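Colleague: With the sequences and hints as input, model every part of the structure.
From first to last, the protein sequence lines are chains A and B. Residues 700 to 834 in the working numbering are what the first sequence spells out, letter by letter. Residues 244 to 532 in the working numbering are what the second sequence spells out, letter by letter.
Errors might be hidden in some of the hints.
Stated by the list, open to error - List time: in silico EDC-like cross-link candidates among lysine to aspartate or glutamate, alpha-carbon distance up to 16 Å:
1) 500(B) with 400(B)
2) 448(B) with 373(B)
3) 312(B) with 399(B)
4) 404(B) with 313(B)
5) 718(A) with 313(B)
6) 506(B) with 399(B)
7) 393(B) with 805(A)
8) 393(B) with 803(A)
9) 391(B) with 805(A)
10) 500(B) with 373(B)
To be clear, the hints were calculated from the coordinates, so they are not data collected in a lab. Just so you know, these numbers come straight off a predicted model, no measurement behind them.
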Amino acid sequence: MKSETPRYDLNVIVSLVLKYGVLTSAVLLVAGLSLFLAERPAGLPASISQLISTNYGRPTLDLGQIFSGAVHGQPIFVIQLGLVVLLATPIARVLASVLIFAVERDKIYVAITLVVLAILLLSLFVVGPAESSAG
Amino acid sequence: MTGIYEYLLVMFLISIFAGVIGALVGVGGGILVVPAMTIIFGVPIQYAAGASIVSVIATSSGAATAYVKDRITNLRIGMFLEIGSATGAIVGAVSTFFLVRSGFSWLIFLTFGLILFFSAYTTAERIRQERRGDPERINRTPNSIATKLKLSGEYEDRVLKTKVSYIADSVPGAFAVMALAGLMAGLLGVGGGVLKVVGMDNFMKLPFKVSTTTSNFMIGVTAAASTAIFYVGGYINPILAAPVALGVLLGSYVGSKVLVRSKPISLRWIFVVALVVIGAEMIYQGFVQ
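Modeller: Now the structure itself:
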């Protein structure tokens with residue numbers, strides 16, 4: 700019984716973190732799209748091909764810029780914030796798994812999960828940027 | 244049909260469907276999203292692949308809440324196999340550049356297409372066995388690797404109304420398939436979910452719901468590993484990706500509720516159809532390139 704109780708609690712916590720992460724993302728996406736459709740002045744792209752040729756809404760890596768843009772209600776940054784929250788959920792899940800295995804004192808799986816996390820971070824901060832500058 | 248309004252509406256609807264199917268059989272739904280974007284709306288393939296990565300993560304996170312709560316997903320099996328998948332994904336993503344340059348990408352598409360057709364055949368064969376009255380071929384015989392790595396578990400099936408217990412079989416074989424799945428994911432900008440399900444279903448002989456929900460968990464992590472390449476490249480366009488993300492989130496949430504109430508054999512049928520469709524699309528791509 701002693702080992703069952705914390706495991707259950709953590710599962711519920713992970714489930715809640717995911718639920719609110721996903722909900723936050725969905726709310727931001729709906730709000731951003733609504734703002735985009737409501738405020739779209741004539742100067743913004745009218746078609747998909749125009750959107751791509753003008754590189755409209757090219758995503759930025761500057762989280763500060765995304766956040767302040769979103770706070771000021773700029774539709775493109777509200778949408779980007781929603782996407783960033785969504786893209787971060789799998790990483791949050793791996794982080795939460797490290798905690799789950801640590802609480803269960805499962806050393807092998809703490810190690811395995813840390814390896815997965817390391818591969819993820821490697822791809823995010825080393826391979827990704829290097830690839831796109833090469834391509 | 245290239246207006247922004249049409250795009251937002253049509254892609255939202257298609258993405259809902261992609262999310263439902265994706266959550267049911269453990270795949271990312273990119274296979275519906277990418278052709279819809281490129282064929283109907285003429286979106287360049289890199290941008291479609293960028294939205295596809297978003298759809299894979301949305302399928303995974305949207306369905307996860309239900310699966311974590313019902314405790315069908317096996318976190319240990321998923322995490323262990325993810326080492327193979329994530330490594331494969333990075334190798335795949337890096338080598339795409341060289342393969343496209345050297346003109347060998349058609350060979351990749353044809354090979355994966357044939358693997359998927361073969362998997363469709365073996366899965367259909369198992370459905371036939373099950374129909375003849377053989378029970379689901381779940382492994383319950385212990386082996387040293389599964390014991391050492393605790394690659395076993397049980398879940399409460401709401402439809403079968405029993406506790407289903409299982410032990411992972413042929414772990415090295417399944418691990419190799421996961422590396423291949425990761426390679427496919429990295430090369431083609433998808434989640435590689437189909438091959439992950441095949442690895443857990445055919446090699447580890449897990450219950451089908453455990454295979455699909457664990458694949459659902461894994462595709463999100465694998466896709467996250469290749470997100471950076473698309474994001475930094477500027478291919479995850481917010482306007483193009485937003486309706487896809489929203490539709491898939493909604494669809495996969497609905498799909499996850501349907502899965503816990505479905506019979507494993509029905510899910511397996513949907514999986515066979517998914518394998519044939521995705522396999523055909525790969526082979527078509529192979530000839531086009």
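Colleague: Starting from the hint list further up, note which numbers the structure goes against and sort them upward.
Modeller: The structure breaks only hint 10.
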